[in-house]
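K.L.:
Note that the sequence shown ends on residue 322 in our numbering; no numbers are left out.
Keep in mind the hints are simulated off the structure, nothing from the lab. Be aware that one or more of the hints could be misleading.
[Unchecked claim] What follows is a set of in silico ranges between Cβ atoms, one per label pair, in the way DEER data are often shown:
id, residue 1, residue 2, range
1, Arg244, Thr318, 51 to 59 Å
2, Glu309, Pro204, 22 to 30 Å
3, Ser304, Gly252, 22 to 30 Å
4, Asn256, Leu192, 24 to 32 Å
5, Ala190, Gln216, 47 to 55 Å
6, Pro204, Val305, 14 to 22 Å
7, Ile280, Val248, 19 to 27 Å
8, Leu192, Ser304, 33 to 41 Å
We put the CB at the ideal spot given by N, CA and C, even for glycine.
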Amino acid sequence: MRNSGDEAGRASLEFLFLAIVLLIPILFLGLSINSLQSATLAAESAARNAVRVFVIAPNLSVASRNAEVAARGAAANHGFDALASLEKTCQPSDCLTPGAIVTITVGLDAPLFSSDLIPGLAGASVIRVEAQAHNVVSTHGGL
180 MRNSGDEAGR ASLEFLFLAI VLLIPILFLG LSINSLQSAT LAAESAARNA VRVFVIAPNL
240 SVASRNAEVA ARGAAANHGF DALASLEKTC QPSDCLTPGA IVTITVGLDA PLFSSDLIPG
300 LAGASVIRVE AQAHNVVSTH GGL
């Protein structure tokens with residue numbers, strides 16, 4: 180049997196079309212996953228650094244300021260210009276009491292890659308990524 184002449188070259192065209200149709204969404208998905216991973220790493224680093232400098236500060240105002248500076252610096256090292264949130268909790272409520280457990284939660288907004296044809300996750304352009312870090316205020320004071 181002979182192939183008809185009008186089918187010549189169709190397979191390569193179909194392959195090219197399917198490759199483009201499948202490659203672009205996979206590329207957007209990969210870029211979005213990379214962005215989420217980067218934001219997770221940045222949030223973990225920011226929370227860890229913030230709680231470390233918080234527990235060694237001499238007073239609460241210095242501790243809060245140093246924690247925010249440390250969190251912003253760690254986030255900036257990973258390419259994030261702004262923190263979405265920075266919260267602290269302490270057990271007991273007096274944060275710098277020796278033996279107190281300080282928890283700092285840092286939130287960052289990770290951008291999702293999308294277009295009008297390929298919307299992001301439920302139409303969202305960013306996803307909030309949060310990380311927590313805990314540390315105990317030294318009973319010996321200072322470092």
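K.L.:
Run every hint past the structure and note whether it holds.
P.N.:
Results for each hint:
The hinted range of 51 to 59 Å is not satisfied by Arg244 and Thr318, whose Cβ atoms lie roughly 24 Å apart. Taking the beta carbon of each, Glu309 and Pro204 are about 27 Å apart, inside 22 to 30 Å as hinted. The hinted range of 22 to 30 Å is satisfied by Ser304 and Gly252, whose Cβ atoms lie roughly 26 Å apart. Distance hint check: the CB atoms of Asn256 and Leu192 are about 47 Å apart, inconsistent with the given range 24 to 32 Å.
The hint said 47 to 55 Å for the Cβ distance between Ala190 and Gln216, and at roughly 38 Å that hint is violated. A beta carbon spacing of about 19 Å between Pro204 and Val305 agrees with the range 14 to 22 Å that was offered as a hint. At roughly 22 Å, the beta-carbon separation of Ile280 and Val248 lies within the given 19 to 27 Å, and the hint holds. Between Leu192 and Ser304 the beta carbons are some 35 Å apart, a value that agrees with the proposed interval 33 to 41 Å.
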